[in-house]
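4 protein chains.
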Amino acid sequence: MASRIPVAVLGATGAVGQRFVQLLAGHPVFEITALAASQRSAGKSYADACRWVIPGDPPPSVSKMVVSPLKPNIEAHLIFSALPADVARDVEPQFARAGYAVCSNASAFRYEPDVPLVIPEVNADHLSLIAGQRAGRGWPGFIVTNPNCSTTGIVLALKPLHDAFGLSKVFAFTMQGASGAGYPGVPSLDILGNVIPYIGGEEEKIACETRLLLGDVDEKEQHEAKISVSAHANRVPVTDGHTIALSLGFEHRPTPEEALEVLRAFRGPTDVHALPSAPVQPIVVRDENDRPQPRRDRDAERGMAVSVGRVRECPILDLRLVVVVHNTIRGAAGGSLLNGELLVKRGFVK
Amino acid sequence: MASRIPVAVLGATGAVGQRFVQLLAGHPVFEITALAASQRSAGKSYADACRWVIPGDPPPSVSKMVVSPLKPNIEAHLIFSALPADVARDVEPQFARAGYAVCSNASAFRYEPDVPLVIPEVNADHLSLIAGQRAGRGWPGFIVTNPNCSTTGIVLALKPLHDAFGLSKVFAFTMQGASGAGYPGVPSLDILGNVIPYIGGEEEKIACETRLLLGDVDEKEQHEAKISVSAHANRVPVTDGHTIALSLGFEHRPTPEEALEVLRAFRGPTDVHALPSAPVQPIVVRDENDRPQPRRDRDAERGMAVSVGRVRECPILDLRLVVVVHNTIRGAAGGSLLNGELLVKRGFVK
Amino acid sequence: MASRIPVAVLGATGAVGQRFVQLLAGHPVFEITALAASQRSAGKSYADACRWVIPGDPPPSVSKMVVSPLKPNIEAHLIFSALPADVARDVEPQFARAGYAVCSNASAFRYEPDVPLVIPEVNADHLSLIAGQRAGRGWPGFIVTNPNCSTTGIVLALKPLHDAFGLSKVFAFTMQGASGAGYPGVPSLDILGNVIPYIGGEEEKIACETRLLLGDVDEKEQHEAKISVSAHANRVPVTDGHTIALSLGFEHRPTPEEALEVLRAFRGPTDVHALPSAPVQPIVVRDENDRPQPRRDRDAERGMAVSVGRVRECPILDLRLVVVVHNTIRGAAGGSLLNGELLVKRGFVK
Amino acid sequence: MASRIPVAVLGATGAVGQRFVQLLAGHPVFEITALAASQRSAGKSYADACRWVIPGDPPPSVSKMVVSPLKPNIEAHLIFSALPADVARDVEPQFARAGYAVCSNASAFRYEPDVPLVIPEVNADHLSLIAGQRAGRGWPGFIVTNPNCSTTGIVLALKPLHDAFGLSKVFAFTMQGASGAGYPGVPSLDILGNVIPYIGGEEEKIACETRLLLGDVDEKEQHEAKISVSAHANRVPVTDGHTIALSLGFEHRPTPEEALEVLRAFRGPTDVHALPSAPVQPIVVRDENDRPQPRRDRDAERGMAVSVGRVRECPILDLRLVVVVHNTIRGAAGGSLLNGELLVKRGFVK
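Residue numbers (the numbering used here), protein chains in the order written: chain A, 1 to 350; chain B, 351 to 700; chain C, 701 to 1050; chain D, 1051 to 1400.
There could be a bad hint or two in this list.
Heads up, simulated SDA-like pairs for lysine to any residue below, C-alpha to C-alpha not over 20 Å straight-line [unchecked claim]:
no. : chain 1 : residue 1 : chain 2 : residue 2
1   : D       : K1270     : D       : A1174
2   : B       : K700      : B       : K414
3   : C       : K869      : D       : S1218
4   : A       : K169      : B       : P665
5   : A       : K169      : B       : K700
6   : C       : K1050     : C       : T733
7   : A       : K226      : A       : A207
8   : B       : K519      : A       : S168
9   : A       : K169      : B       : E638
10  : C       : K926      : D       : I1366
11  : D       : K1219     : C       : R1012
12  : A       : K44       : A       : V62
13  : A       : K71       : A       : R97
14  : D       : K1219     : C       : G949
15  : C       : K764      : B       : V635
16  : A       : K226      : B       : F600
17  : C       : K744      : B       : E638
18  : A       : K169      : B       : F600
19  : D       : K1276     : D       : P1304
20  : B       : K414      : C       : E988
21  : C       : K764      : B       : E638
A short, non-exhaustive set of chain C residues, derived as facing chain A with CB atoms under 10 Å [claimed, not checked]:
no. : residue
22  : S745
23  : A749
24  : V753
25  : G756
26  : G832
27  : A881
28  : G882
29  : Y883
30  : V886
31  : S888
32  : N894
33  : P937
34  : V938
Anything over 12 Å on all C-beta distances counts as not near chain B; from chain A, calculated [to be verified]:
no. : residue
35  : S38
36  : N234
37  : G347
Note that these hints are calculated values from the structure, not bench results.
All C-beta atoms in this analysis are idealised placements derived from N, C-alpha and C, irrespective of residue type, glycine included.
Assemble the whole structure, with the sequences as input and the hints as a guide.
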């Protein structure tokens, strides 16, 4: 590729921002031209502004870059936002209004009817909302969002089953790693040797986002799929990786073997499959009776695949299974990055 | 009490056996007169035979006791068995045949129609099976069992709800501490910073035992309640304490407030409530939105109460809630000990 | 006892403050009459102001007590201070000036020449500084401090060895639990599955406080003992309990057996031994080759004893050994409480 | 390279054996032609024989390879041994006698005077012992060993300091990850939320191996350097990575700055530096005050570099510092693999 597309990361010093920086280092399509963060960090070098919490070090290419304020005067064609929801609600529209394409990992605009909530392998076609979003809001730019970390894992695993058998009911029990709460996030005295059976807002997000991602869009808005979702969100003493146990009900009851067949065959749309960060297999099926596990499976396909196992009958609904997703890669920065690559591929960003 | 009843512990050197020894130290009704274990340990002092894995030390009163072999020639009126299931299947009938009352924590005889599976607060009346068991098997002694650790927590919490609203469906997602697998049990490389979404046989036990405990007995056998149970069993990096997230369906849908009222009011039968090891409140209701937690709540009422919280509506069934139980106290040795105290109270052991 | 002495806890809502509250519940000599904390908490009920991070619940007797501001107009004869060092530096002198006896767990005044730094079993006689402190500062009240958590464990174990063999050199390598940093304290992403080989200021505190505690006092000030101390402080993924590996040099080289003999025999002064919170054995010697361990030994004598083991020769100095201390009980609130009991016993507080 | 050198792994199914298999997958010089293990595994496919405990999966290239018995009739020019010490003592000489070059990670022959104990960057010249070993034992093959995991980290960090300033005394306090004990290894009930201040034989190994590695060889044997070593070995709840705190005494006392300069400059011999698995920097110096940390630094240079930080004065000796080493990569399989590459480079294996 002759020249790479200039991109910026908003909220670059936080835990998810660091993942964006890590994943964008040496990216074949994108080149970081700006790192932006709150006033506290702006003006410092990235290395000084950022307490790097991921193993290893910040990429040398960005260590000395000076952090910009969160102002829409950045040289970039595409913005990746790792901002907290309350900041995102103010800042992201400023960028869209100034003509930037914004790929947001924040929840602030996920539930707006005209803002696409997208997992490329699942509902790339929801990008069709962009035209109406621009027209309706009078923005030259636009916002595209990706779902929360748990939902990403759940819906990637459910998509082929929904297409084949018609999903109607979902019980989702999550066991989520600490990095999902950012840094400093969960105090160690709360989680060492402990389980916290509560994550604020998570259960509602899982329910709503699952229905949006598996739903339809018309010219103007997204419509929720008719799926009932009961979520139980828990924090466990794991650094990275969310494990989700699911009980599923379908219109057409599959056998475990039939379910495994569609899970194994799933690849997503052809143009998505060709994206630089796309996994070869979005769903890795594990045959062992005690997998997937977060520490051993979160890094499947560089953290971009979800791992699925223990597919078996459910005594009440139809199927039980277990999903593991890397929450800060596929479930956050990596998911947003893939949305950015999709926007380029489909001509929304140049 | 003039003199205490002599009791023995089978499998006294294992992790559950150690809990029996700990709970029986200074007991007002029982006095340990023998500690029995496999040939490897027999003949040694208890302190030498036993790698003590509970915090602190073995009680001084038993440290120098010589471990007996697993033979039914022990001076004791009541036997507490912490044997592994395969050994229990051989050994426990030998004791019952020799006239001993056996309170077994093993799963070996839990599913025999004529062997009571009992939680005193839940189904003390199932002890009525003892007469038939003795007659049918020609045993002067008998066997009484307690349920597995997860089931104990689940069913103690469900009992008042079942009585009030008629339980029909249970989704049970467990996050179980490592001590449930005994010692050495789970290798640290499998569980440090990890989740194992599988515990062999656990899901089947939870389903079957829940139905037995909430079912009826006639003169000859126990009958399973008509309740559908879908269990998902997981191991998490917690030493002690099982956390269980439940979604529940009832014949008569309660509001969360109605459910909380019956949970708070629950005390169990009067004579059970007066037993030495019985908790004042078998169910401790937590009002905080992030409780119960295993590290903070497992020791409620010396580990003999279950803690319940997050009682809220379920989008698919009727209620969601979270239970924490101390798996090696109420869920194992303490549960069996309470059965022993009940046997004395109701005249089955003197 | 006819009536108990009224006491207050400053910084009552923090992690160490909570331990004070827990240890004072049902205390035979002291009665909590006030709980004080920063403006943020003052005026609320203790239950509302305090996020209880210790297992279980706040004692019912204090849950509804209204939190006072940090003003020296409290009805109490003795003040236990769990304030952070910077706040303590301002607030504690206000209380001493107003006539209160202050037992401070803060480091703010530990190194003042006229402020006793005391472990009752080690240097109860340093209380003789109080007279000069009052005279010199013109305070009707006074301040007494206890050492930091690691130092408490180290010096309790070293005291009998120093008395018998003349300590000259100490290498101290600590592996400290997370609760030592308070709440929220250490972020879980920093410590889950990790070691942090740094705790700000800790190594200097260990060196200086060890010398003060094992040193002498004259009428006016404390003098450091001539002992060289090299400390290496590390944080490990343990909730409570500090483990310290020591290499020791003496003027008179003891054999391990000689060292064990004096460790086992140590009881401290007779009047200290009789204090309500004093352990029967301040030092518990473990004979197993892999003890003491923090999870299994921190609660020895209700957390008030230190556990010592692996006493063996050192290839460079004279002895190597391992110490475990409960950092928030004996190493903080419990140590300060014992100082308070000593003040009563020796007539400094009535 | 036209064709790769055929190599075999003994003990291929264990935890260290798995690391060998992982590191040899796609190796530019070596090609696995045989995987050997005990009778229990021999005859099975590698995937069936091996419970893979490293994240991810066994390399596809070896999954279907049939495991050989531990007999010296394997087609390979070089043998990597991950056998336990007691098995190695029998088996490795059989291979050497049959003409194989053996790179052993076992401790069985580390202390034989004629068997080189080698870290390539430290004492590659000790390979000169091979000629005498062959002559003296009448073996056409030979054995070369690498040190234990902790010692590897310690000595790599000490080598440039020893060369520059003459090391005389070493206090080494280790905090070792669970994978150092293999699989199943440490029971989770022993290490979750705990520290075990004892690892059998480890302290003696650290002392002896440090002296051998920094010592000299003549034609016939290795001679220990005159360095006193006092080691304290501890197990902590970390999966991979050993952290070691060191206090060091030298003949010529360096300032911390002088020490940092030689640490930063260290590269090892030129031909070692060019080996395929050699790190660019064998020692990575961390400037942050709280690094190195095992979870964040163990993977430096694919786990082949040691990380060093907190270089500061010691109040008793000369310097204090902290080292992190990946115990199963540089400290075990990776170290042995580098020895194998060195043997090829220096013409001992073709």
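**OP:** Hints the structure violates: just list their numbers, smallest first.
**Re:** 2, 5, 9, 16, 22, 23, 25, 26, 36
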